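Novice: Here are the chains, one letter per residue:
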Amino acid sequence: MARNSPERFRAGDLVGLVGGTLLRADADLTLNRLASLEHAQPGDLSFLAAARHRRNAAASRASLIIVSAALADALPATAAGLVVDDPYACYAAVSRWLAARARPALTGPAIHPSACVDPQAQVDASARIGPGCVIGAFSVIGARVSLGAHTVIGESACIGDDSVLHPRVVLYPDCSVGARCIIHAGTVIGADGFGFAHEGGRWSKIAQLGRVSIGDDVEIGANCAIDRGALEDTVIGNGCKLDNLIQVGHNVRIGEHTAIAGCVGIAGSAIIGRGCMIGGGAGILGHLTVCDGAVISAMSLVTRSISEPGLHTGVFPLMPNADWERAAVALKRLPALRDRVRQLEQSLSESTEAPGSPGASGPDPKESP
Amino acid sequence: MARNSPERFRAGDLVGLVGGTLLRADADLTLNRLASLEHAQPGDLSFLAAARHRRNAAASRASLIIVSAALADALPATAAGLVVDDPYACYAAVSRWLAARARPALTGPAIHPSACVDPQAQVDASARIGPGCVIGAFSVIGARVSLGAHTVIGESACIGDDSVLHPRVVLYPDCSVGARCIIHAGTVIGADGFGFAHEGGRWSKIAQLGRVSIGDDVEIGANCAIDRGALEDTVIGNGCKLDNLIQVGHNVRIGEHTAIAGCVGIAGSAIIGRGCMIGGGAGILGHLTVCDGAVISAMSLVTRSISEPGLHTGVFPLMPNADWERAAVALKRLPALRDRVRQLEQSLSESTEAPGSPGASGPDPKESP
Amino acid sequence: MARNSPERFRAGDLVGLVGGTLLRADADLTLNRLASLEHAQPGDLSFLAAARHRRNAAASRASLIIVSAALADALPATAAGLVVDDPYACYAAVSRWLAARARPALTGPAIHPSACVDPQAQVDASARIGPGCVIGAFSVIGARVSLGAHTVIGESACIGDDSVLHPRVVLYPDCSVGARCIIHAGTVIGADGFGFAHEGGRWSKIAQLGRVSIGDDVEIGANCAIDRGALEDTVIGNGCKLDNLIQVGHNVRIGEHTAIAGCVGIAGSAIIGRGCMIGGGAGILGHLTVCDGAVISAMSLVTRSISEPGLHTGVFPLMPNADWERAAVALKRLPALRDRVRQLEQSLSESTEAPGSPGASGPDPKESP
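Just so you know, the sequences run in chain order A, B and C.
Taken in order, the first sequence gives residues 200 to 568; the numbers are from my numbering.
Taken in order, the second sequence gives residues 200 to 568; the numbers are from my numbering.
Taken in order, the third sequence gives residues 200 to 568; the numbers are from my numbering.
No wet-lab data here; the hints were simulated from the structure.
None of the values given here were measured: they were computed from a predicted structure.
Idealized CB from N, CA, C, for every residue including glycine.
Do not take every clue at face value.
[Stated by the list, open to error] Pulled a few chain A residues facing chain B out of the computed Cβ check, cut under 8 Å: (1) Phe208; (2) Gly331; (3) Ala458.
[Said to hold, decoys possible] To list a few chain B residues with every Cβ distance to chain A over 12 Å, as calculated: (4) Gly211; (5) Ala226; (6) Leu270; (7) Ile381; (8) Lys404; (9) Asp426; (10) Arg473; (11) Thr512.
[As the list claims (entries may be wrong)] Simulated crosslink set (EDC-like; lysine to aspartate or glutamate; CA at most 20 Å straight-line): (12) C:Lys404 to B:Asp285; (13) C:Lys531 to A:Glu524; (14) B:Lys404 to B:Glu431; (15) B:Lys404 to A:Asp415; (16) C:Lys404 to B:Asp522; (17) C:Lys531 to B:Glu507; (18) A:Lys404 to C:Asp360; (19) A:Lys404 to C:Glu431; (20) A:Lys531 to B:Asp522; (21) B:Lys531 to A:Glu507; (22) A:Lys404 to C:Asp361; (23) B:Lys404 to A:Asp284; (24) B:Lys404 to A:Asp360; (25) A:Lys404 to A:Asp361; (26) C:Lys404 to C:Glu431; (27) A:Lys404 to C:Asp415; (28) B:Lys531 to C:Glu206; (29) B:Lys404 to A:Asp361; (30) C:Lys404 to B:Glu455; (31) C:Lys404 to B:Glu431; (32) A:Lys404 to C:Asp272; (33) A:Lys531 to C:Glu431; (34) B:Lys404 to A:Asp272.
Excised from the complex, chain A in its bound form (with noise of 0.2 Å):
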């Protein structure tokens, strides 16, 4: 049983809250959970975003559709519509207004007999303290902050109104979260970055004297890490949205909506623009500069600055092992191939330069006797 299926709901609930206007159905029409085109039952809500997945919505037992208007048509006749400017962005809100009805905002004692309060931190009233938090001295907790079970903010850290930490985050020393942001567990803000100076074959410790500052309505995934600063702060922008498992190094600043998929590694000190989308398992280089509205794909690494929006790539293609063990010993000899070819035009050149028979790229042929 998912989620979202405690309780049913009406066609005219979401007109109430996304707009649109239903198609062969009435307000009352009721409906059971929200599910895919491919997975709808009769009896449920579905959604049609793009035209690519008409097929499935012609195929599809959902009762109800959300669409829009130029993609009506897809529908089934045993399916009604709502039909509103941006299905997408209307299942995106219908998610959310089904997520907070299946878990309505907890109550009961709102800071937890387990948790670990400095009488010097500053915890709103409205906060919710979970079981075992740990927060230091001179700290901020903002209005209706929610802090998940074993969560450690550390001394002067703060956090703005309405943000969600989930089980299991640490927030360093000295760092801040912005206000509706949500960050999920196992988490680590502001561990120090990596930063040593070689000395005599050994490495001296650089102290991490900067902080990390996130902004407003930022969403980071699971077991992501994001570096405190040198000396600077690390920064990570309004809107971003990471998911898990990133890296984020030391002086890296981010800008606003930017959207980082899982597994990237940022190293120190890169600078990136505003409404980037970078692939999962992306790298990139530190002190480079990448561009507003960069796309990197999946797995490249980015090691030079990029000054030029769109899509950039660096991905070996996938073979099967035969051939790409064929591929790569081609690859190592490429240079060597690039010579013999230039080898060949100039044999080819010479050899066409023969009496009587002239050659594409040779001397002028009225130049011939």
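Position chains B and C relative to chain A; hints supplied.
Specialist: What follows is chains B and C alone, placed relative to chain A:
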């Protein structure tokens, strides 16, 4: 002093455990510990599982070596043999037996007094709940389950019999783990998938209404992140083995007995077959299908569905950096090189069109002067 | 307000700390904080550590700049200098001194009342044990060790003097951490290595009987996973520095003073030398050897042993996506292209065998009629 050293064991114990026949030893031969062929000392047990290790066996100081009949001649004169059908499987069985001897099942209070168990949770009386665990309402904890310190079990989550969760695992609400699973420290199961709708330059959250469903006999390493589904569930089949630091995106389905090495990232809605093996650091893009029995090389990116089992690879071969620089430049110019070769082919074809020698694709030789 | 801002310091303090000679300043020059050349304000201290930053120094508003004699002429007239032999090492030393001033050693109860310390553990009286820590039987915690909140120390594990474990580290049973180590939040040391025997389509677990042994002066970042050995131990040598989200497989041995950047994965039984540097996101396959002093570029995969120190690279160069598509197609056909070039070479050699026009690599012209 290694974990398996506390107490000696007898060759006869091994025969009782895995069967087989002793060669040049009787059941009373006493052994100190299990070690690799290279590191074994006199008095130790070792194993020879593949012909390529014959030389290590011949040089080993082990007193008893688990071996197949086919390789028994590889043993040195100083070693007795335990001849079995599958030495590697016997090694596995012996290792498990020694581990259980070295660290017997815990006794003492079943629920640590510092744990925080919701009165509406169902915890089997035989389960062991470690210090600081937090167990949500309506969750179900099976028989003989062991939860390490600070593990957090969300509302309505459930864990099958005999599963072991090491310290600091987080199981989000509604997610389920099957029987006989092992989940290592720091792993997060059921955080929100990475789903957002783009609206006017901003990302609006798509609530993740699905769950995570993990089968029986699954092992998951440390600090992984397995996301809950957007609408339907993320599913990991029976017998799957996942290493550390692995990301599994929302709606992913992984077939039974698939093994995934460390640092792999699987994007949302990918379908992975049964009995696959995925090398460390590999990536799998979303919304594609990998067939049963496919094998993906380390750090290769799967960009399209795979319909043929067997090994697939896509990785740039490692080179001394100066060679790499030349190869990378040549690779960037590879399409141009191909054009040059095509041009050469044409030119050569034309140049060989000398009178009496018409080229296959050249202009009509009659036009030649 | 940055972490290093609470109290001003004097130029004379710096001379006392790192030596060197003041240029255009006396010991009473008062400084506000340490900043980069670009961000420094009047009153700040900065440093110039490489000739390539001369221009930044010339434009810097810092009041005092740590500099070598060779670069002292790069300072602007507004800045005094502290002339030393190794400005970067001095910056490191000053950063550590400022960090210690900004966050002095904690005082108060040595073992937090919420910690759960086994009566058979040996905890030095000078150690500080944070809230919610769990310390197993027979473990040994050295002098002046600091354990952050919720850190879990398994049975028979041990930690050397002066080491700092940040919140939520897990040290599995029997594992050891040396003296003066720093382990960041969320890191898991000693989870089971990824070892299974394949038996009839299923994976049977190989118990991991080895341990993890970490030397002195090692730093490990956040959310790493260092697996215990299968039979022998996983070993990380003295002075190694590991960044975040790194996987170290079972039986791996890493030589002293090797530095490993974030998101690296090292597969089981790899042997890494001393003084190596491994770039972010790189991968190292199992059962191979990397020699002392080898340097691996970011996101490169080491597939064979490396016997020569110096830089090794294997990464597909980043391109605008349309260029990449052409290059990827051409790469797949590269073996065929090589065959075409070979064919061209043969054809040209034959075609140039025409009377009176011997080809460079053609048959002996004397054979021509």
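Novice: Could you run down the list of hints and mark each one as holding or not?
Specialist: Against the structure, the hints come out as follows:
1. At about 13 Å, the closest approach between the beta carbon of Phe208 of chain A and any beta carbon in chain B exceeds 8 Å, and the interface hint on this residue is violated.
2. Hint status for Gly331 of chain A relative to chain B: holds, with the closest Cβ pair at about 5 Å, below 8 Å.
3. Because the smallest distance between the Cβ of Ala458 of chain A and any Cβ of chain B comes to about 6 Å, under 8 Å, the interface hint for this residue holds.
4. Under the 12 Å C-beta cut-off, the non-interface status given to Gly211 of chain B relative to chain A holds; the minimum distance is some 45 Å.
5. At roughly 47 Å from the closest C-beta of chain A, the C-beta of Ala226 of chain B stays outside 12 Å, upholding its exclusion from the interface.
6. With 12 Å as the threshold on Cβ separation, the claim that Leu270 of chain B sits away from chain A holds: the shortest Cβ distance comes to roughly 28 Å.
7. Every C-beta of chain A lies more than 12 Å from that of Ile381 of chain B, the closest at about 18 Å, which supports listing it as non-interface.
8. Non-interface call for Lys404 of chain B relative to chain A: violated, since the shortest CB-CB distance, roughly 6 Å, does not exceed 12 Å.
9. At roughly 7 Å, the least C-beta separation between Asp426 of chain B and chain A is not larger than 12 Å, which violates its mark as non-interface.
10. No Cβ of chain A approaches the Cβ of Arg473 of chain B within 12 Å, the least distance being about 20 Å, so the stated non-interface status holds.
11. Once the 12 Å rule is applied to beta carbons, Thr512 of chain B is inconsistent with being away from chain A; the minimum gap is 4 Å.
12. For the proposed pair Lys404 of chain C and Asp285 of chain B, the alpha carbon gap of about 15 Å is at most 20 Å, so the pair holds.
13. For the suggested pair Lys531 of chain C and Glu524 of chain A, the alpha carbons sit about 11 Å apart, so the restraint of at most 20 Å is met.
14. Between Lys404 of chain B and Glu431 of chain B the CA atoms are separated by roughly 17 Å; this keeps the pair inside 20 Å, and the hint holds.
15. Straight-line distance between C-alpha atoms of Lys404 of chain B and Asp415 of chain A comes to about 14 Å, which keeps the hinted pair within the 20 Å bound.
16. Using a Cα cut-off of 20 Å, the hinted pair Lys404 of chain C and Asp522 of chain B is violated, with the two alpha carbons roughly 42 Å apart.
17. Our distance criterion of 20 Å between C-alpha atoms is met by Lys531 of chain C and Glu507 of chain B, whose separation comes to about 18 Å.
18. A distance of roughly 18 Å separates the Cα atoms of Lys404 of chain A and Asp360 of chain C; the hinted pair therefore holds under the 20 Å criterion.
19. Restraint check: the Cα-Cα separation between Lys404 of chain A and Glu431 of chain C comes to about 31 Å, which exceeds 20 Å; the hinted pair is violated.
20. Under the criterion of a C-alpha separation no larger than 20 Å, the hint pairing Lys531 of chain A with Asp522 of chain B is consistent with the structure, at around 8 Å.
21. Using a Cα cut-off of 20 Å, the hinted pair Lys531 of chain B and Glu507 of chain A holds, with the two alpha carbons roughly 18 Å apart.
22. Between the alpha carbons of Lys404 of chain A and Asp361 of chain C the distance comes to roughly 15 Å, so the proposed pair stays at or under 20 Å and holds.
23. A distance of roughly 18 Å separates the Cα atoms of Lys404 of chain B and Asp284 of chain A; the hinted pair therefore holds under the 20 Å criterion.
24. Restraint check for Lys404 of chain B and Asp360 of chain A: the C-alpha separation of about 18 Å stays at or below 20 Å, so the hint holds.
25. Simply put, Lys404 of chain A and Asp361 of chain A have alpha-carbon atoms about 37 Å apart, too far for the 20 Å limit, and the pair is violated.
26. Restraint check for Lys404 of chain C and Glu431 of chain C: satisfied, since their Cα atoms lie roughly 17 Å apart, inside the 20 Å limit.
27. With a C-alpha separation of about 14 Å, the suggested pairing of Lys404 of chain A with Asp415 of chain C holds against the 20 Å cut-off.
28. About 54 Å separates the Cα atoms of Lys531 of chain B and Glu206 of chain C, which puts this hinted pair outside 20 Å; it is violated.
29. Between the alpha carbons of Lys404 of chain B and Asp361 of chain A the distance comes to roughly 15 Å, so the proposed pair stays at or under 20 Å and holds.
30. Among the hinted pairs, Lys404 of chain C with Glu455 of chain B is consistent with the structure: their alpha-carbon atoms are about 16 Å apart, no more than 20 Å.
31. Taking the CA atoms of Lys404 of chain C and Glu431 of chain B, the gap is about 31 Å. The hint is violated against a cut of 20 Å.
32. Of the pairs offered as hints, the one joining Lys404 of chain A and Asp272 of chain C is violated, with about 28 Å between alpha carbons and a cut-off of 20 Å exceeded.
33. Between Lys531 of chain A and Glu431 of chain C the alpha-carbon distance is near 37 Å, which puts this suggested pair outside the 20 Å criterion.
34. As the CA atoms of Lys404 of chain B and Asp272 of chain A are separated by approximately 28 Å, the hinted pair breaks the 20 Å bound.
Checked against the numbered hints given earlier, this structure breaks hints 1, 8, 9, 11, 16, 19, 25, 28, 31, 32, 33 and 34; the rest are met.
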